[in-house]
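Visitor: Each chain is listed here by its residues.
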Amino acid sequence: MKENTTHRVLSVSTGGALAILYAQFLLGFLRLGNLFPGTLLEYSILGAQVLKVIAIFSIQRLRRASYAIVLDLFSIEMLALPIMAVGNLVLGTGYYSSAAMTLFLTWLPSVTLVVPSFLIYKSSMDIKEGGLLISILPAVAVQAGTLIFAAQATGRESVAALGLKGFGESMIRAGGRLGEVGLVPNSIGLAALGLIYVSLAFYASGAGRSQSLVRRNFVIAMLAGATLLVSGLVYFVQSMMAGTLIVLVAPSIAMTVTLWWSTRET
Amino acid sequence: MTPRGRDFIKAIVLTTVVSALTDLTMLLALALVLCIVAFTSMLFLRAAPTRLLEVHFTPESVRVFKGDAAETVVRLQTETGVWGIVKLAAIVPPKGVLATLSPSKDESYSLRLETKFAGRFEGFTARVELPDALGLFTRAEVAEKTPLRLDSLPLGLLAHPSVVGLSAIALGEEPSGMRGLGQEFYAAEPYAGVSEAHDILWKRIAEADDELVVVKLREANVPEAVHVWFLELEERGLELPRWMDLVSEATSRMGRCLLEAGAGMVLISRRRGTVAVLDAGSLTRLADATMEMWTAGSPESRVLESHNPQMVVTGMKELGNREIASLVATIPSIVVAEEKSEGYLGDRTIVFVGSEDVGRLVQAVLIQ
Chain G
569 MKENTTHRVL SVSTGGALAI LYAQFLLGFL RLGNLFPGTL LEYSILGAQV
619 LKVIAIFSIQ RLRRASYAIV LDLFSIEMLA LPIMAVGNLV LGTGYYSSAA
669 MTLFLTWLPS VTLVVPSFLI YKSSMDIKEG GLLISILPAV AVQAGTLIFA
719 AQATGRESVA ALGLKGFGES MIRAGGRLGE VGLVPNSIGL AALGLIYVSL
769 AFYASGAGRS QSLVRRNFVI AMLAGATLLV SGLVYFVQSM MAGTLIVLVA
819 PSIAMTVTLW WSTRET
Chain V
431 MTPRGRDFIK AIVLTTVVSA LTDLTMLLAL ALVLCIVAFT SMLFLRAAPT
481 RLLEVHFTPE SVRVFKGDAA ETVVRLQTET GVWGIVKLAA IVPPKGVLAT
531 LSPSKDESYS LRLETKFAGR FEGFTARVEL PDALGLFTRA EVAEKTPLRL
581 DSLPLGLLAH PSVVGLSAIA LGEEPSGMRG LGQEFYAAEP YAGVSEAHDI
631 LWKRIAEADD ELVVVKLREA NVPEAVHVWF LELEERGLEL PRWMDLVSEA
681 TSRMGRCLLE AGAGMVLISR RRGTVAVLDA GSLTRLADAT MEMWTAGSPE
731 SRVLESHNPQ MVVTGMKELG NREIASLVAT IPSIVVAEEK SEGYLGDRTI
781 VFVGSEDVGR LVQAVLIQ
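Sequence order for the protein chains is G and V.
Counting from 1 along the first sequence, just add 568 to a position and that's the residue number in the numbering used here.
Counting from 1 along the second sequence, just add 430 to a position and that's the residue number in the numbering used here.
Hints in this document: simulated from the structure, not taken from any laboratory.
Treat the hints with caution; some may be incorrect.
[To be verified] Reference listing, derived: stretches of chain V covered by chain G, where coverage requires no fewer than 3 residues with Cβ under 8 angstroms from a Cβ of chain G:
no. : segment
1   : 437-445
2   : 451-465
3   : 557-569
Glycine included, each C-beta is placed from N, C-alpha and C at the ideal position.
Required output: the full structure, derived from the provided sequences and hints.
Guide: Now the structure itself:
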């Protein structure tokens, strides 16, 4: 398979997996029914995000802009928060503080609802064009984590919530409980994560690049072997202790440091 | 580490941190798996046996005048092994040469060589990079000896030589094509009162209808070949290109003057225990000799006894040797000074720093 074709396939599979997570979140949101915008402010803020997405999709320079610029554009409403904080201090009334809280709690679910549509497209395009790993891997990880978290937040936490502001409060509460329960993706979420895992493993290892068949097979064999090893490690650790975080993070960091140290140019 | 390797390491660290914050075990596992794969790949690369590398140049020997650029095509012949492409990273030239490598379409490379020094440049090394399976790391291999040779001819070969006036009493083996006192007939001219009586062509006067007295003019002779010794005792190290440049220029200028005067040159190159006897009887052979003098010759032998020096080319540093100093004092010599020198070494010696006229010295040799 040619390199371009491989990148297209990986782009579709990664984008598709993220889209599944996004769809799962949206379906949960729609199914509840009580989280739809109820006030003019909520409609305005959600509408503003939709307009921004349309504008970004329409302008090529914005479509190709970095993640930082795109997120800056979506966070423009947050510039009002410091002004409101100053107003609160100067006038001494609680109006501005509650208004700021309302603004933030409405903005947070609005952005979560709208922004993934563009970020999924951007990550897919980056993979298709053979973009840098430092841009693609963390971005996909953040998106996957956020979408699973958002889907989780539309569950038990949001049953009694009302409007976008209520959804925002549910998200904050769910975030607060994240340390206890962690992210628990359902079977669809797990499948999507599995697809992301395979796609990113292929992309990052360069198994799809133009190279000899022996070399490609060797890379795939190494990936399969390492996956089995790590799966065994995770299974063993999960059956022995509560958390797997340190078991996975520590060797990764240690190995990257070793790799960097042993191959540094003197 | 390749640029892709650096990107990989940064991405893994960032993904590990992000996945740890979002508590996504599967993506944490992905980061660890990629680490293990990269680590294994690096170990395989380090353990891979060194393969015999051959670097081919077409042509292997390039000759240009100094300052001009030369081009040659480089091809890498190596066992590609399981990892595929082996890349030629650089051709490391000897001191004084600028080498620019650019890949061509047909898996070969174009090598452009430039130098501002004259002389023979050898000892080009090739740096080859073997990538790992993931393209993250490379292992450098160096092909120490390549057959590439750059001959940078001195501009003295192109310079018009200064007029060398031959002595009327010069005796030798080669006709010069100039008026002199040799044995061969050169021309006839009317008697002018200063000619020798035995040069009057009596038979011709008797056969002629007029009464014009004509005299024979003789052709001047020059030596068939002047034996020039090049003496080098000291290692020049980093100053070698400059030293080669000055000596090549001096030798080529001297050779051109001798050729212009009708004489040939035999260059005896004595460099630190080796000797090479080089014939420079024509312009082409002079160009060859100014290059060959820098290639190691055979160990010194008694062959030198049949080549008594008529001129000497040596360096300032060599004058510390008593034998060379006495040779320079008695024989017309060119002493090459790598740095500007105001020293005076007598009428029969020229201190050459790059542009001195050597015609006077050549004339002195031809007079002898």
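Visitor: For every hint, state whether the structure bears it out.
Guide: How the hints compare with the structure:
1. 437-445: holds (count 9)
2. 451-465: Since 15 is at least three, the answer is holds.
3. 557-569: Holds: 4 residues of the segment 557-569 of chain V have a Cβ under 8 angstroms from chain G.
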